[in-house]
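Position chain B relative to chain A; hints supplied.
Protein chains: 2
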Amino acid sequence: MTTNDTRIEVDPNLPTLRIIRDFDAPPDRVFRAWTDPDLVRRWLGPRETEMRIEQWDGRTGGGYRYAAWRDGEELARFFGSFHEVRPNERLVQTFTWEGAPDGVSLDTMVFEDLGDGRTRVTSTSVVESIEIRDMIVSSGMDKGVIEGYEKLDELLKAG
Amino acid sequence: MTTNDTRIEVDPNLPTLRIIRDFDAPPDRVFRAWTDPDLVRRWLGPRETEMRIEQWDGRTGGGYRYAAWRDGEELARFFGSFHEVRPNERLVQTFTWEGAPDGVSLDTMVFEDLGDGRTRVTSTSVVESIEIRDMIVSSGMDKGVIEGYEKLDELLKAG
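Protein sequences, first through last, are from chains A and B.
Heads up, the first sequence is in my numbering, so the first residue is 66 and it goes up one at a time.
Heads up, the second sequence is in my numbering, so the first residue is 66 and it goes up one at a time.
Any given hint could be a false lead.
Here chain A is said to cover these stretches of chain B; the calculated rule only asks that three of the stretch's residues, wherever they fall, bring their Cβ under 8 Å from a Cβ of chain A [claimed, not checked]:
#, segment
1, 69 to 82
2, 111 to 125
3, 187 to 199
4, 207 to 220
It should be emphasised that the hints constitute simulated quantities derived from the structure, not laboratory data.
For every residue, glycine included, the Cβ atom is placed at its ideal position computed from N, Cα and C.
Chain A extracted, bound-state conformation (with noise of 0.2 Å):
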C-alpha cells in the first residue's frame, strides 16, 4: 500500500508531459530501477502486461527495445535510445511506440535526494507538436505510468 501520489501534468501551451511522483528509497536505488533491465522488467507498464526486454544498452549513447506482452500475445513494441546516463541524477531518453514511429518523445528524468531516504523523480516528457501530446496522454498510459510506479514501490520496498 503506497501513500505517494503521481502527479501528471500537462501544460496547454507546451507540447509537454510531466511526471511527479516520490518513491521511498534514495536515488541510487530508484536511478537503478531505471537503468537495470533486470529491475525495470519487473515494474515497467500496467500489472496485467509482462515486458520482455530485447535490447537494453543503458549507457550514455545506447539504445533499447522492449515489448508488452499479455496472455502470451504481443500488445505493442517500444524501442529508443540513452541520450545521457547521469547516474542517481539524471536520465535522458528518447521513447517510440512503433505503432506510431513517427511520435517520438524525448523524455528527462530528474532524480532529487529528499533526504530520509526518499527520491523524487521528475520526468518531464517532449514531443513535437501539442496534437502528438494530446495523442499520448488520451492513449491511456497514465493508468500504465501508476500501476507501473506502485510495481516499482512494490520492488524497491522488497529491497
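The following block gives chain B in isolation, referenced to the frame of chain A:
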C-alpha cells in the same frame, strides 16, 4: 556556388526550430552524408572549424560524440544518440552541447525525394522550453548551419 537557400523557421508558440534546405543529390546520397562519419566530419559546422569525431555508431540505438576544433584549440564538444536511422527517409537523433548538458534537443531530419536527383531535408528540433530554443537560436548556430550546408553542397558535387 549554390542557389539553394537555407530557411530557418522559429515557431513563436512552440519550443521548436525548423531548418529547410534542398540539395542537388538524390536522397540516398544526402542521407549517407548525415550518417557516415567520414562524410559528416567533412561538412558539419562552420567553415573555420574542424570536426573531430570521437565516437559514431550511426544506427538505431547508437550514440555519437564529437569536438569542434579551430587553430589547434578545442572550442566545443557535442554528444547525442541515434533514436532511429531509417535509411534515405528519416533520421531522429538527440543533441547536446556539453557546455549546457541539460539543454537537450530532439532532432528529426526528413529526407524528401524532389525528383530530378534533388532532395529536401527538413530538420525539426524540439527542446523542453521556448527559453532553451531561443538560447540555441541566439547562439549563432545559423552561421554553422548555413556554412555547413554549403560545404555539403560542395561534397555532394565532388562526389
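Under a C-beta cut-off of less than 8 Å, do 3 or more residues of the segment 111 to 125 of chain B approach chain A closely enough to confirm the stated coverage?
-> holds (count 3)
Within 8 Å of chain A's CB atoms, at least three CB atoms from the segment 69 to 82 of chain B: coverage verdict | holds (count 4)
Check, residue by residue, whether the segment 207 to 220 of chain B contains three or more positions whose beta-carbon lies closer than 8 Å to a beta-carbon of chain A, and give the verdict.
-> It is violated, with 0 qualifying residues against the three required.
Coverage assertion for the segment 187 to 199 of chain B with respect to chain A, Cβ distance below 8 Å, three residues required | Per the Cβ count (6), the hint holds.
Violated hint for the displayed structure: number 4, the only one.
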